[in-house]
Structure formats: structure tokens, C-alpha cells
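Spelled out from the first residue to the last, the chains are:
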Amino acid sequence: MTKTKYHLTVTICLVFVVLIVAGKGIGADNILKMSTTTSTQSSGLLDMLLPELEKDTGIRVMVIAKGTGAAIRDGRDGNVDVIFVHAKSLEELFIRDGYGTKRYAVMHNDFVILGPKNDPAGIKGIRHAVSAFRKIARAKVMFVSRGDDSGTHTKEQALWEETGLNMIKKATVIRREGKTGAIDFFHPEGLGDWYLSIGQGMGKTITFAEEKQAYTFADRGTFIKYKYGRKGGLDLAVLTEGDPDLVNPYGVIPVNPAIHPHVKYELAKRFAEWLVSKKGQRLIGNYKLHGKALFYPDAVLH
Amino acid sequence: MLYVISQLVKAYHDRIVLDIHSMEMEKGIIYALLGPNGAGKTTLLNILGFLEPPTAGRIWYCSDQVQFSTSYLQKLRQGVVLVDQNPILFTTTVYKNVEFGLKIRGMSKNQRDKMVDEALDLVGMRHFARAQGDSLSSGETQRVALARGLAIFPEVLLCDEPTSSVDTIHQAIILKILKQITEEKKISIIFTTHDIHQAAVLTSHTLSLDHGKLVSA
Amino acid sequence: MLIDSLISALYLVGSLDAEMVSIVLVSLKISTTSTMIAGAMGIPFGFFIAFNSFPGKRLVITILNTLLALPTVVIGLFVYSFIARKGLVGSLGLLYTQTAIVIGQTLLILPIIATFTIAAISRIDARYRKTALTLGASRFQMAMVIFKEARFGIIAAMIAAFGRVIAEVGISMMLGGNARGFTRTMTTAMALEYDKGEFTLAVALGIILLTVSFGINLLFHSVQGRTRP
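Residue numbers (our numbering), protein chains in the order written: chain A, 23 to 324; chain B, 39 to 255; chain C, 295 to 523.
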């Protein structure tokens, strides 16, 4: 090898060594592993909150976002120190089974029923979500469902069941996060007619509904993003909102050190306490997505 | 006595390639190993060069019996060099090619320079020192391969058909080099050829192989 | 829509956006590390296989060739089962770290490096070995000669391996968790941004990734072209 080539090679190798050594900082004691849902991450709330948290407490949070079920399982398996999800019944089960210590009620956001501006089913003004669903079914106007076994889809199905309409069980295969799985879901009569189940994420479901000028059930965050965050906006309107049934509560639960002794329990507790503190709650309440409020603080501050 | 061979047999699977009852070679002499293609000349050279073990039989080199174990053979190979019929040069300069044997023996740069120059002079390729090995003609390649083998100053030089793949001008040059090596440097040479006349030019000591067996010349 | 994203993306790249740069650096760091480690293990292994004959050699090579086609999610799952808390080495807390990704990626490219090395050595003229030996080389010195002669093929192996890991997403996602600021690589970030429906950062990272891959490929072909046929 010529001299210059030799020196070049040595320099490159040294650069690599430096790069590798430089990044060895992980394993530091103030790092908290947290699992949460992809929609929570997508809302942008954490991008605003976590730097504030670090400023106040010195805690750096490693956010691992997955589907709700996977996020909770990471807590059960002890792969993370704290979970931050929005599936109250599953969270309560998590604690009952002993994997979590305490559920801190942090905040809630809500779901909305979207539809075409001209509202062919005539649900505008109906605050009661279940009644609105019933009207849509009776009118047999097109409704697009996520059909992907997500938290939103689960909530949607629960509302349909409450309508008293005849529900049909269907087994299907869905692909999510690159993995294929078989699920059962319930739907009112009319699948393929007016009720479409497309097995997609929220964003795609909304755009599909817009395309077809159909009704759909969405979380407010994604709606805001698509209506106010995109150049083209969204040609759908919020027709039903504000029903307590539509509330989507979030909980933070530290993983139980009795089951997983290695978890950073003190850090997790401090994290949760910061979230429900005056400052944390204020920051959450003030968070705006494209100028619109998204989360409502839940911690009772007395 | 340089080589003494007794009951040497070399077989590949069921085919017997060499079957030599007894053979002796002295130091400081050029031997021509004659025979048609397929007679087993290359195989014999490989064995004499300690690159291949015989299937059966015994060999003495400089009065020591040869043990065909890895480390022993490596030591012996330090003193015996084989130059292929179509030698291959390393992908680098002529100089570095010739230097190879000296470098692996741990010689200093100054010593190496001296010996490389000497070897290249011997084959008349000094001015090619900076040339790339793969840019040479077959005759030039043959000469560099010879220089490469000579640089380490071996006891024995084995040449497999040193002139069969080169043009007539180079043939004469190479024959001259071989003669010079034995006379000036006292290196023993064993070369193979199927050309009796060429053999005669260089030496009167000839051995003939036919179908793996030694025959009277 | 694609044009819009493209323009904003190019602007993002040009302005060296801090988050984008940190994501790129994480990718480079992880993939470089795994390539180096896999090289250190795979090249000697390939050498050993190429040089020696032993019973079952053919089988080993066949197995290596089969491993070439392993999907990243399979490797991800395999490593996950070891390093998750309930796995064999769970107490090391390796899941969701850069080290975990390195482990997975190294496993991914070991077969590539080994098979390329074996191929590179097999292409080397048998006469080199004989020549080195007759000039008095030890087995090690002879192996070095072969290594030098095969160096372009071996370098090509390293380049191909790097190209494979810089662009993979299955292992990075499963073992790294795509945590911002910690284990977010170019590919996992792109997957996330796409999921979010926000294309600017995804396209920007895509441009960089394509450029890197293109460069790697060019490099590979120029180096590979220097090996003797």
C-alpha cells in the first residue's frame, strides 16, 4: 500500500474508534425507559414535555412507542421502568396483576365523530355518541372503521354494542407494524354495504373517509393534524363531540419493583409525580397542536 | 549427496504417477529431467521441493531423512526453491516480488535492497524494478520468477520447463542464466524439459522419466 | 404532495437540521460498529473455511449461504428472546440500547462477510499458495499473501455488509425501540414519520439514506472491479 493510502486508512479507523467510544454514555443513572403508544408519541406532547421534565428533575426519558398491547406487555416483562398508555381497563388489570404500583391519572383527550359537512345522517347537534351511531346505522350512510384492533377501534366497537343494534362477529387477518395477526371484531350489519372496515391506521382511515365523504370515528389529535396541519386541510367536520363516553383517559404507571427489582422505581415515581404536579398539568393543558387544544389535565389538584 | 531417493511411490487415488526404485543427485550440478508430458516430472519436482509428500518411500536431503511434517518441511523449503512452468507474480511491483522471500526471513531493508538488485542483475531485469508484475511478457515474467527464487540464495533451484512458454530469444537468455547460476553461485539446479537438445546445451547429467519410472537415458 | 415534501426535505438536509443530523450519526455509528465487529469475526472465519478441508465443509458453506437470506425480523426476534428481561441474558438490560442493535446487525452480516471472503479467496489462483510456500513462507505468512491478493474482494465484502445494515429497519426497530435521542436510526425514524403522516423528515432521511447507499454501491463496484476475474 502506498504511504498516503496507509495514512488514510489509519485515520479512518481512528475516526471510527472515536465515534464508537464517544457514544458510550448510555447506562447513565438518570435515564428512564418508558413505553407508550404510537399515537401518544405522534401527538408531539412528549417532545414538549420531556425537555421540561429534564430541566426540572434531570431525568432523561427513553421513549419506546408501540401499540397499546405491546406497550403494556413491555411493562409486564420488565423491559421498561414505566408505562404511559390510554386503556383504562387494561391498566387496572396491570395493577391488579401486580405489575404496576399505582395508576396516576394524568390527562385525557377525546374521540370525535367526523362526517361530511352536509351531514346526510343528520347527527349534528346530537351530543350522545351512541345515539349518533344509531342514526348513522339506520340511515345506512357510509361509515369507515379502522378495523385494526387499536384502542380507537376498541372504543368504536364498544359504542356500537351500546346502540342495541344486532352485532356480528367477524374473524379477520390484519397487518400491523409489519406483523400479521388474526383478530375477532364486532360490527353492525351491513359490512361491505355502508360499514367499511379497512384495517388501517388513523391517518389513512380519515383520508379514506374524506375521499368517500363518509362518517368515521377518530381521535381528536389525528383530526387536528389532518385538518389544521396539512396544506390541503380536511374536507370533513366534527359532528359529535363532548360526550363523556368519548373521553380517552391516559394513565402513568411505574412498574412494580417487587416483581422487577431492576426497574428505576424512584425515577419512575418522580416522573409520574411531575406529570401530575401543578407545572406538569399546566404544561399539558397549554399544549396546542396546530393552535388547537388537545389534552385536558386530569389530576385533581387540591 | 544432495538427494537420495529410495522406493518412491506417488499415487493419486488409484493412479500411480511415480514409481522410482532408486535415484541419487549430487550437489553443485545441473540435472536435466527429461520425459514426455505426463511422465511425472512436475510431480517429482514438487516432492523434491517439499511441497507434496510421497505416498510411500524415503527421501534423504543432504544426508538427513526427510520427515513430511509441516514445520520440518517449512525449514527444508527455506533452502529449496521451485519455479513453476507458468510462474505467477504477486500483484505488486517486480521489486516487491523479488523481495518477498527476503522479507519473510526478516532481513533488514538495506540487506534486502542489495540482494534484490543482485538477483535482478543476474537475470538482466534491473530496470524493470518499478514495473507492475502483471505488465510483463511471459519471458520477462519467467526471469523475474527466477530472480525471486535466487534472491534468497537457495541451495537448490528446481525449474519446471523453464523455457517451454517463452519465445526463442528468451529461451537463450534463460538457459544462459541457469548456466551462470550453477557456475558462479554454486547452486544446484534440477530442471525439467521435453527438449533433449536444450538439455544437452546445459548439461550432460540427465535423468529420464517415462510413465513415472526412471529409464536409462 | 411529493414535490412539496421533496422541496421541504431538501431544505431540511441543506440546513443540517440538528435532529436529522443526530439521527444520521446514530445510524452511522451503529452500522459502522457492527460492520467492524462482523469483519473481525467473519473474515478469519471465512479464511479458515476456505483454507482447510474437513468433513462437513460443504454443509457449512451451504448453511452460510442459507443464512444470507435470513429476514431481519427473524434475527430481531431471536436476539430479543435472549436480551429481553425474561431472556437468558436479560439481567444485562440490553434491550432498547444501541448495543442491542449492534448485536443484531452483526449477526445479520456475519454470513455475508464469511461467504464473500470464502468466494474472494477461492478466486485466488492456486499458484500463489504454492509460490509463497516454496519461497519459505510459514502457513501464516502464506495466508497473509492470499489475504493481500484477495484484499479487494474482502474489502468489497465489508462494503456490502455496511450497505446491508445501514438500510435495515427490522432489527433496529425491534431491538432499539426507536427511542428519540437514543436509538432512533434513519430507517426507524423514516418508518415513524411515515406512520405519523408527516413526510418532510422521512423524505429528508430518505434522500440521505439513498445517497449513502448509492455511494456505498459505487464504492463496492469500483473495489470489486479491481479483483482479478
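Honestly, the hints are just simulated from the structure, not real lab data.
It is possible that some hints are incorrect.
Far from chain A, some chain C residues (derived; all Cβ distances over 12 angstroms) [to be verified]:
1) E313
2) T391
3) S507
Heads up, simulated DSSO-like pairs for lysine-lysine below, C-alpha to C-alpha not over 27 angstroms straight-line [unchecked claim]:
4) K224/B to K141/B
5) K147/B to K380/C
6) K113/B to K380/C
7) K147/B to K442/C
8) K152/B to K351/C
9) K65/B to K134/B
10) K162/A to K192/A
11) K88/A to K380/C
12) K110/A to K380/C
13) K351/C to K134/B
14) K141/B to K380/C
15) K146/A to K301/A
16) K88/A to K146/A
17) K191/A to K177/A
18) K380/C to K134/B
19) K217/B to K424/C
20) K424/C to K224/B
21) K291/A to K323/C
22) K65/B to K424/C
23) K314/A to K77/A
24) K223/B to K323/C
25) K301/A to K124/A
26) K113/B to K323/C
27) K323/C to K152/B
28) K88/A to K323/C
29) K442/C to K124/A
30) K251/B to K323/C
31) K300/A to K314/A
32) K314/A to K110/A
33) K424/C to K141/B
Over the 12 angstroms line for every Cβ pair with chain A, so calculated as not near, a few chain C residues [unchecked claim]:
34) F342
35) A344
36) A378
37) G387
38) L389
39) N472
Backbone N, C-alpha and C define an ideal beta-carbon position, used for all residues, glycine too.
Comparing the hints with the structure gives:
1. E313: violated, 10 angstroms
2. T391: violated, 6 angstroms
3. S507: holds, 19 angstroms
4. K224/B to K141/B: Given that 27 angstroms is the threshold and the Cα spacing comes to 23 angstroms, the pair holds.
5. K147/B to K380/C: Roughly 60 angstroms between the alpha carbons, so the hint for K147/B and K380/C is violated.
6. K113/B to K380/C: violated, 56 angstroms
7. K147/B to K442/C: Distance of about 21 angstroms is within 27 angstroms: holds.
8. K152/B to K351/C: violated, 45 angstroms
9. K65/B to K134/B: violated, 30 angstroms
10. K162/A to K192/A: holds, 20 angstroms
11. K88/A to K380/C: Between K88/A and K380/C the Cα gap is close to 19 angstroms, so the pair holds against 27 angstroms.
12. K110/A to K380/C: Judged against 27 angstroms, a Cα distance of about 26 angstroms means the pair holds.
13. K351/C to K134/B: Answer violated: K351/C to K134/B is near 35 angstroms, above 27 angstroms.
14. K141/B to K380/C: Violated - the C-alpha atoms of K380/C and K141/B are around 55 angstroms apart, more than 27 angstroms.
15. K146/A to K301/A: Roughly 37 angstroms separates the two Cα atoms, so the pair is violated.
16. K88/A to K146/A: Distance of about 34 angstroms is beyond 27 angstroms: violated.
17. K191/A to K177/A: Status holds; Cα separation ~16 angstroms.
18. K380/C to K134/B: Violated - the C-alpha atoms of K134/B and K380/C are around 58 angstroms apart, more than 27 angstroms.
19. K217/B to K424/C: holds, 25 angstroms
20. K424/C to K224/B: holds, 25 angstroms
21. K291/A to K323/C: Roughly 33 angstroms between the alpha carbons, so the hint for K291/A and K323/C is violated.
22. K65/B to K424/C: holds, 24 angstroms
23. K314/A to K77/A: Since the Cα atoms of K314/A and K77/A sit roughly 26 angstroms apart, the hinted pair holds (cutoff 27 angstroms).
24. K223/B to K323/C: violated, 59 angstroms
25. K301/A to K124/A: holds, 21 angstroms
26. K113/B to K323/C: violated, 47 angstroms
27. K323/C to K152/B: violated, 48 angstroms
28. K88/A to K323/C: holds, 24 angstroms
29. K442/C to K124/A: violated, 63 angstroms
30. K251/B to K323/C: violated, 65 angstroms
31. K300/A to K314/A: holds, 21 angstroms
32. K314/A to K110/A: holds, 25 angstroms
33. K424/C to K141/B: holds, 17 angstroms
34. F342: Check passes; 24 angstroms lies beyond 12 angstroms.
35. A344: holds, 23 angstroms
36. A378: violated, 6 angstroms
37. G387: Since the minimum Cβ distance to chain A is about 7 angstroms, G387/C lies within 12 angstroms and the statement is violated.
38. L389: violated, 5 angstroms
39. N472: violated, 7 angstroms
The structure is inconsistent with the numbered hints 1, 2, 5, 6, 8, 9, 13, 14, 15, 16, 18, 21, 24, 26, 27, 29, 30, 36, 37, 38, 39, although it conforms to all the rest.
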